[in-house]
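Starting from the given sequences, assemble the full structure and let the hints guide the process.
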Amino acid sequence: MDQKAFTFAARCEEAFLIAKFDGVETSVSIHAADQEQVVTLLNRLVARIEQGALPG
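Under the numbering used here, the first residue of the sequence shown carries the number 13, and numbering increases by one thereafter.
The following label-pair restraints were derived from C-beta to C-beta distances:
hint: 1; residue 1: GLU26; residue 2: GLY64; range: 28 to 38 Å
hint: 2; residue 1: ARG60; residue 2: THR38; range: 15 to 25 Å
hint: 3; residue 1: GLY64; residue 2: ALA27; range: 32 to 42 Å
hint: 4; residue 1: GLY64; residue 2: GLU25; range: 24 to 34 Å
hint: 5; residue 1: THR38; residue 2: ALA59; range: 19 to 29 Å
hint: 6; residue 1: LEU57; residue 2: GLU25; range: 12 to 22 Å
hint: 7; residue 1: GLY64; residue 2: ALA44; range: 27 to 37 Å
hint: 8; residue 1: LEU57; residue 2: GLY35; range: 17 to 27 Å
hint: 9; residue 1: VAL36; residue 2: GLU62; range: 14 to 24 Å
Everything labelled a hint here was simulated from the structure, so no lab data went into it.
A virtual CB, placed ideally from N, CA and C, is assigned to each residue, including glycine.
Below you can see the structure in the form of C-alpha cells.
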C-alpha cells in the first residue's frame, strides 16, 4: 500500500492556533486555555495517520 508522505506542524501564537499541512497554512482563534490541548490532539491524530491507523 502506497502512503503519501506529508508534512504537518501546529503552533500557538497569542490567541491563535496555526496549523500547516503540506505547505498550506491556516489559523483559527482559540481560547488560550485550550491551545495546548488542541495541539496535543492534532499531534496524536498525525501520529495515528503516520502509523496507518486511519482508513484512507
